[in-house]
Amino acid sequence: MEKTVFKPKIPIEKQVLTTANGDEAVAYAVKQSYVDVVAAYPITPQTIIVEKYSEFVNDGLVHTEFIPVESEHSAMSACVGAAAAGARAFTATSSQGLALMVEIVYIASALRLPIVMAVVNRALSAPINIHNDHSDAYLMRDSGWIQLFVENVQETYDTTIQAFKIAEDPRVQLPVAVNLDGFFLSHTLENFYMLPDDTVYEFLGGPRKLVNVKVDYFSEEVPLVLNPARPLTFGSLDLYDYYFEHKVQQVEAMKNVPPVVREINEEWYKLTGRRYGDGVVDAYGVEDADIVIVAMGSGAGTIRSVVKKLREKGEKIGLLKIRMFRPFPYSDIAEILSGAKIVAVMDKAIGPGSFGALYEDIAVSLYDLDERPLLLDYIYGLGGRDLPPSLVYRMIEEVKKDLESKSVERKIRYLGVRE
Amino acid sequence: MTVQTLPEFPVKKGEPAYKVWIFEPGWKGEIPLNFNLRQLAEQKRPVLLPGHRLCAGCTAPLVVKLASFALRGPTIFVNATGCLEVASTIFPYTSWAAPWIHVAFENAAAVAGGVESAIKALKKTGRLPYDHVDVIVFAGDGGTFDIGFQALSGMAERGHDVLYILYDNEAYMNTGIQRSGGTPQFASTTTSPAGEVIPGKTQAKKPIADIMVAHRIPYVATATPAHWMDFMKKVRRGLEVNGPAFIHALSDCNRGWRHETDISVEIMRRAVDTCYFPLWEWTPEQGYMLTDRSLAIARNPALKQPIEKYIEVQGRFRHLLKPENKELLKQFQEYVDKVWEDLLRRASNAPK
Ligand SMILES: Cc1ncc(C[n+]2csc(CCOP(=O)(O)OP(=O)(O)O)c2C)c(N)n1
Ligand code: SF4
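Top line first, the protein sequences correspond to chains U and L. Reminder that position 215 of the first sequence reads as 215 in the working numbering, one-by-one numbering, no gaps. Reminder that position 6 of the second sequence reads as 425 in the working numbering, one-by-one numbering, no gaps.
The following block holds chain U by itself, in its conformation from the complex (with noise of 0.2 Å):
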């Protein structure tokens, strides 16, 4: 009998199916989530986010103050003074514009602001180049954001809407970044399910909840925030004998994500239905594999499609979609690794001079494991090259040969690249 079939919530016939692309899937998400303060500047593929926010703004369908800034470093600031004031805030960005607000992107961190911010991936100049990749997101991956990736434009909504909440979380406390792959998200129109307004403004619990905080010259816990009634100083100088123990402040808060993380994809598949992995880490086909990939981003997706072909082949082959790159799930990672023969690492960035950063995670992760997997790096999809799923067999094919021989002779491969 099927009386134990799960239902959500909300079943799928209460959600409103549309299509739209991922930057207004974002836009979407933001307008349901009851935000205060959106602060942005125009940089291609971010643009349409704030665009399409900006209707909502002059048609009158938020509350929202936005704020069209002078430049990204503005954004940033903006938002960081919003967020102190008390304030549900949000901004969005890429590459050129992260860079150009990067000093203060560290600072909202460290001032402990849930600011939650779309970064529609692109690459870094020069070359100049508006299309794919994912230095932007490593060029921050040391700020104390929490990083989050996403595949398809219904995890895109999905996951700014949990970012909120993850980001609030009287536990964490934290800003949010969710990467988006400019185009192959930010620009392609996909079909996916909304949920109704009330239902996401119960889920945030509403507006924006304060902290409270014991602070030496009051006698009761204050409100974490600029407030009259209880004045406190934000942004202090800090010298040698406090600065190393507020930054490992920050690295204890940041140990509290990954069961918040978890906890709310748990809380978003009893609502809506739909979860991603444990909301940290998505393991496909892993369990028995010989070979697994480790991928971030819309790339996953075409990478999941051959792997789910060649499984139904008979291959032991699995991937490993990281989905939060910060606080990076080290020791998941070596338990989901563990009985993998090799491990093909893809990283859509290239540090020259070193490896990519998602490799040195893995190679991380992996360490201190008895019997170590082989370990490969693949640089693939600079400034939004594509990744068909020829080039991912072509990839497969190449590391059978490497775990057939049991040894790696380059490290570091190119994926798609003339040479």
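No wet-lab data here; the hints were simulated from the structure. Nothing here was measured: the structure is a model prediction, and the numbers come from that model. Worth double-checking, as some hints may not be accurate.
If you want the footprint, here are the derived chain L segments under chain U, 3+ residues with CB under 8 Å [claimed, not checked]: (1) 494-506; (2) 518-524; (3) 539-550; (4) 564-573; (5) 761-768.
Note that beta-carbon positions come from the ideal geometry of N, C-alpha and C, so glycine has one too.
On the provided structure of chain U, position chain L with the ligands as indicated by the hints.
Below, chain L with the ligands alone, put in the same frame as chain U:
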């Protein structure tokens, strides 16, 4: 006018200083602006409490304290990186008895824009426990004339309801007295030293207040902490207008200007007496209006002092007083006169 009651401002013995500045939610009154020094001293507490580590004789804290006497209710302060910021908030201490935020060097105007927008959004959705919250920025000349100018211009153009107070000590003091766009011509700084060939800074001071006037914001003024009543009135007017307001306050730095610590206020006075730093305000309705001592000088030109009066007490201009630099001194005087005459032509209340 309705009678306004002061919140409990007189300091009670044994009470922590910050308490004086607590505005409980729902507080609707306004603190009247008193123009009596004694009343000021007895009834008002500055938002900048004792214990900060600004140099003795620095006038930056005077700028802040006088400004805070002119507040009209709950206020949030934004500070750019610089002397004032580093010296007043060395963790775990703070001198600020009001909500205060520092983010970075060049973005105080943008941060303030964000704070102001948040206040608007909270008010719109019934979540602001006050009728209104004022936002005031304090930033140095480096963070205003130079690296912070883009954010300031953007904030002004977008019309955020923020009062931006520039305390202009005419150089990057926090990093060790380097020249900025606000440093006057001929001043000797560590990156524009008075050398054998080049006599200090070669370029003129950027006319920042006039540039802000050109933004057509509701209120622009110049001020000095020596002319304290004039300054407080301007701060209050800057808060009362609806939209961005800009106050250019000259602020002495004895470290950078090279003089004893006990004559800072006197030097501010001389800056105005020599017309090196005229006091005026500007509104779109009335245009330029001279105020205080500068208005007196316009009415009675005999009061105008030669520029030597201003520079003779400062080491940064010492080389100008050497006989071989007579020509430079003359140039300086000509420059000051030209700017002053230009202002007289524009000021609607200057005798024609
Ligand atoms: C992006 C950036 N560049 C340089 C600095 C170094 N810096 C800190 S304070 C300062 C000078 C501040 O000068 P000013 O704004 O005139 O204020 P003052 O210290 O004179 O009060 C500089 C250059 C910085 N903090 N950030
Ligand atoms: S260096 Fe100058 S501006 Fe800085 S605190 Fe000292 S006197 Fe004030």
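query: So which hints don't hold here, by number, going up?
result: Number 5 - this is the single hint that the structure violates.
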